[in-house]
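What follows is the residue order along each chain.
There are 2 protein chains.
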Amino acid sequence: MTDDLTTLVTGLARRAKDASRVLANATTAQKNAVLRRAAEALRGEPGDRVIEANERDMAAAQQMGLSKAMLDRLDLDRKRLESVADGLDQVAGLPDPVGAVVEERVLDNGLRVGKMRAPLGLVGIIYESRPNVTADAASLCLKSGNAVLLRGGKEAFHSNTAIAEVFTQALAAEGLPPEAVTLLPTTDRQATLVMIGLDGILDMVIPRGGEGLIRFVAEHARVPVIQHYKGVCHVFVDGSADPEMALEIALNAKVQRPGVCNAMETLLVDAALAPTFLPKLGAAMDAKGVEIHADDRAAAHLNGVKSASEADWDTEYLDLILNVGVVDGIDAAIAHVAKHGSNHTEAIVTKDAAHADRWLREVDASLVLVNASTRFNDGFALGLGAEIGISTTKLHAYGPMGLAELCTLKWVGQGEGQVRQ
Amino acid sequence: MTDDLTTLVTGLARRAKDASRVLANATTAQKNAVLRRAAEALRGEPGDRVIEANERDMAAAQQMGLSKAMLDRLDLDRKRLESVADGLDQVAGLPDPVGAVVEERVLDNGLRVGKMRAPLGLVGIIYESRPNVTADAASLCLKSGNAVLLRGGKEAFHSNTAIAEVFTQALAAEGLPPEAVTLLPTTDRQATLVMIGLDGILDMVIPRGGEGLIRFVAEHARVPVIQHYKGVCHVFVDGSADPEMALEIALNAKVQRPGVCNAMETLLVDAALAPTFLPKLGAAMDAKGVEIHADDRAAAHLNGVKSASEADWDTEYLDLILNVGVVDGIDAAIAHVAKHGSNHTEAIVTKDAAHADRWLREVDASLVLVNASTRFNDGFALGLGAEIGISTTKLHAYGPMGLAELCTLKWVGQGEGQVRQ
Numbered sequence: 001m002t003d004d005l006t007t008l009v010t011g012l013a014r015r016a017k018d019a020s021r022v023l024a025n026a027t028t029a030q031k032n033a034v035l036r037r038a039a040e041a042l043r044g045e046p047g048d049r050v051i052e053a054n055e056r057d058m059a060a061a062q063q064m065g066l067s068k069a070m071l072d073r074l075d076l077d078r079k080r081l082e083s084v085a086d087g088l089d090q091v092a093g094l095p096d097p098v099g100a101v102v103e104e105r106v107l108d109n110g111l112r113v114g115k116m117r118a119p120l121g122l123v124g125i126i127y128e129s130r131p132n133v134t135a136d137a138a139s140l141c142l143k144s145g146n147a148v149l150l151r152g153g154k155e156a157f158h159s160n161t162a163i164a165e166v167f168t169q170a171l172a173a174e175g176l177p178p179e180a181v182t183l184l185p186t187t188d189r190q191a192t193l194v195m196i197g198l199d200g201i202l203d204m205v206i207p208r209g210g211e212g213l214i215r216f217v218a219e220h221a222r223v224p225v226i227q228h229y230k231g232v233c234h235v236f237v238d239g240s241a242d243p244e245m246a247l248e249i250a251l252n253a254k255v256q257r258p259g260v261c262n263a264m265e266t267l268l269v270d271a272a273l274a275p276t277f278l279p280k281l282g283a284a285m286d287a288k289g290v291e292i293h294a295d296d297r298a299a300a301h302l303n304g305v306k307s308a309s310e311a312d313w314d315t316e317y318l319d320l321i322l323n324v325g326v327v328d329g330i331d332a333a334i335a336h337v338a339k340h341g342s343n344h345t346e347a348i349v350t351k352d353a354a355h356a357d358r359w360l361r362e363v364d365a366s367l368v369l370v371n372a373s374t375r376f377n378d379g380f381a382l383g384l385g386a387e388i389g390i391s392t393t394k395l396h397a398y399g400p401m402g403l404a405e406l407c408t409l410k411w412v413g414q415g416e417g418q419v420r421q
Numbered sequence: 001m002t003d004d005l006t007t008l009v010t011g012l013a014r015r016a017k018d019a020s021r022v023l024a025n026a027t028t029a030q031k032n033a034v035l036r037r038a039a040e041a042l043r044g045e046p047g048d049r050v051i052e053a054n055e056r057d058m059a060a061a062q063q064m065g066l067s068k069a070m071l072d073r074l075d076l077d078r079k080r081l082e083s084v085a086d087g088l089d090q091v092a093g094l095p096d097p098v099g100a101v102v103e104e105r106v107l108d109n110g111l112r113v114g115k116m117r118a119p120l121g122l123v124g125i126i127y128e129s130r131p132n133v134t135a136d137a138a139s140l141c142l143k144s145g146n147a148v149l150l151r152g153g154k155e156a157f158h159s160n161t162a163i164a165e166v167f168t169q170a171l172a173a174e175g176l177p178p179e180a181v182t183l184l185p186t187t188d189r190q191a192t193l194v195m196i197g198l199d200g201i202l203d204m205v206i207p208r209g210g211e212g213l214i215r216f217v218a219e220h221a222r223v224p225v226i227q228h229y230k231g232v233c234h235v236f237v238d239g240s241a242d243p244e245m246a247l248e249i250a251l252n253a254k255v256q257r258p259g260v261c262n263a264m265e266t267l268l269v270d271a272a273l274a275p276t277f278l279p280k281l282g283a284a285m286d287a288k289g290v291e292i293h294a295d296d297r298a299a300a301h302l303n304g305v306k307s308a309s310e311a312d313w314d315t316e317y318l319d320l321i322l323n324v325g326v327v328d329g330i331d332a333a334i335a336h337v338a339k340h341g342s343n344h345t346e347a348i349v350t351k352d353a354a355h356a357d358r359w360l361r362e363v364d365a366s367l368v369l370v371n372a373s374t375r376f377n378d379g380f381a382l383g384l385g386a387e388i389g390i391s392t393t394k395l396h397a398y399g400p401m402g403l404a405e406l407c408t409l410k411w412v413g414q415g416e417g418q419v420r421q
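Line by line, the protein sequences give chains X and A. Using the numbering used here, read the first sequence as starting at 1 and increasing by one per residue. Using the numbering used here, read the second sequence as starting at 1 and increasing by one per residue.
Derived from the structure by calculation, the hints contain no laboratory data.
Computed, partial: chain A to chain X, Cβ under 10 Å:
no., residue
1, N25
2, R105
3, K115
4, D199
5, A218
6, R222
7, I249
8, A338
9, A347
10, R361
11, S366
12, K410
13, Q421
Quantities reported herein were computed from a predicted structural model and do not represent experimental measurements. Cβ coordinates follow ideal geometry from the N, Cα and C atoms, glycine included.
With the sequences and hints as input, model every part of the structure.
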């Protein structure tokens, strides 16, 4: 059984890798035509098949007693499918990263050198219940000239299969190898293990999902992993902060969309500002239905809050819950973030330019911010046009990954016969 | 024993990681002072201790019957030590990469965003017999604000220990934690295994050495590995090439320094040019003492050459040996390189702009060249000022790695109270 799985997964991956060599040299027009064709299909009859497949997944999920939140993630209706199709058209409209040359210069010997964006090859995506990831990931990989090997969640198996078929048909119709979008036909964990062991075939794997999935992949992979890990994001209200601005940023960071990784989980406030700022914060958060877990010093200025446990400071709630702590100045705030942060998004509210500068330099996170909401950490908000996720891995890409981050930069040099002295 | 080693290596790595947090915020002046102090020490009495330690290593190596080439790599005399010291001064003179902001722009909402270079943290270097790597790696990691965990070869153990001590003393003298340069006090392979398993402590590991070492590290590492792998580099003489230029580039690529990874191992020539070009190439290579292994079509135009075996096309000779093959046009040349190249350095000699463009785009190597010698693929020749090696890994850094490549790019944003709509 395991041997069969190994043969199956390795064979599919090899064919996808072969397809990646064709994709790498596909023209922008060809790649865009595939994306627009897939979008059109999702709006038409193949889209009906996706909806039908999703209904089967939903029925099974309800029988299995999945949570309401899980069911909502899994659900695909016409409106959601239309938004998936719009996403494909948007990716088609983005500039092609492949072949772009950056950092061009002429060396003293006349050799013109630069770095050219080139596809990575075969990208693996391992994800859980959202079937729209199938389309998002496929579109970004295709546009960046990569083939993609997808391993979706078992709850969404039929939906994913129907969506992947839309892509393989669009590829074939445009004369490109359909294997460039390959969905594993099994969600067996053993198959995932084989997939992430394909050193020399799979060029990168991105796990998208809960902590358990990411840890499993990081622990067992033999190929490079870009972790898109949890966001335990902080806002530090410095002693010099404008309290109005701090309150607005804190509210936005917590409540504008609490279920995402760039939402704030912990607010730290300088002791000097705590007596005046915290009562206002408490009232404003209470009005939005936010439950506060406070340390003792913060609790002294707040009404009806819970006491924060040690584990709370490391928790990604993804919910209307907020830790609040009082710290003695920026050093203590930076130390707290170094201990409890998850290298995701960290913001300071301050009027002190030296503190702003220290925060930007000393805090280790994929996005460090001064006087702005943590919610800005995504590829759309930062102007990438699209994103495959937000990397909390420091190598290769740190922060939102768009089309450029799905490429490598190879050196290119053009001479007139230069030799080394 | 294994438990003891695990405790030892993990403890040293943790202390080095703690030191990395201090190094990350050290000023440029502090870091340069450490490098200049270490250079001065190598020129003085501590340098004598390095030479003495090296004499012990050399004596033991001679007794163990190491090859002449190995002994030469291991040997450190005053002249070589002076050149190591000069290298440290040069690194001190390079711009500090840490804190530099690139790709700055202002978003529509007024948020000023960019990417700031920041150290990776703790970098691991695993290397073999050359003791100068200890100083090179330590200097580049320090300058880029990283701590370094070094595992040198057992032949150079005493030399490496003496060099590392120069750094720890220089760090302490400048008020920085000496653990920022940590040499493992054992060359036990089990200790290496522990080291490359330190996920969450070691941020990156670079194996430098032979194929066996690199494969061992790649196979067992639980931390990101940047492979500095072999160079099976090609020069393709296109049908439109200027034969004089092609000959000069081929000679330079093969004989200027045959023992390095960016030397040419295989020359491919378009069938149209073979009858006129190959006799001249053969004579020129023969005059330089180069042994040619040719395919049948090439052998028809060459005198006194060996027949190339299938394995030859994948061999990094690092010696005065050259494979020569005849191909039918650029497609066959690109296919040959895709099959036998090692993603290192690949050059075309051509007058055809379309062929030049195809070569640059379609060939997958860390440096692709038009009308220039493969020997240009190193950090010095490409203007990086220094290099820790040449990455053949596509993620993070592809090609020569200088100070910038020992850093990550974190996003930074500065606002005036912006929140997400």
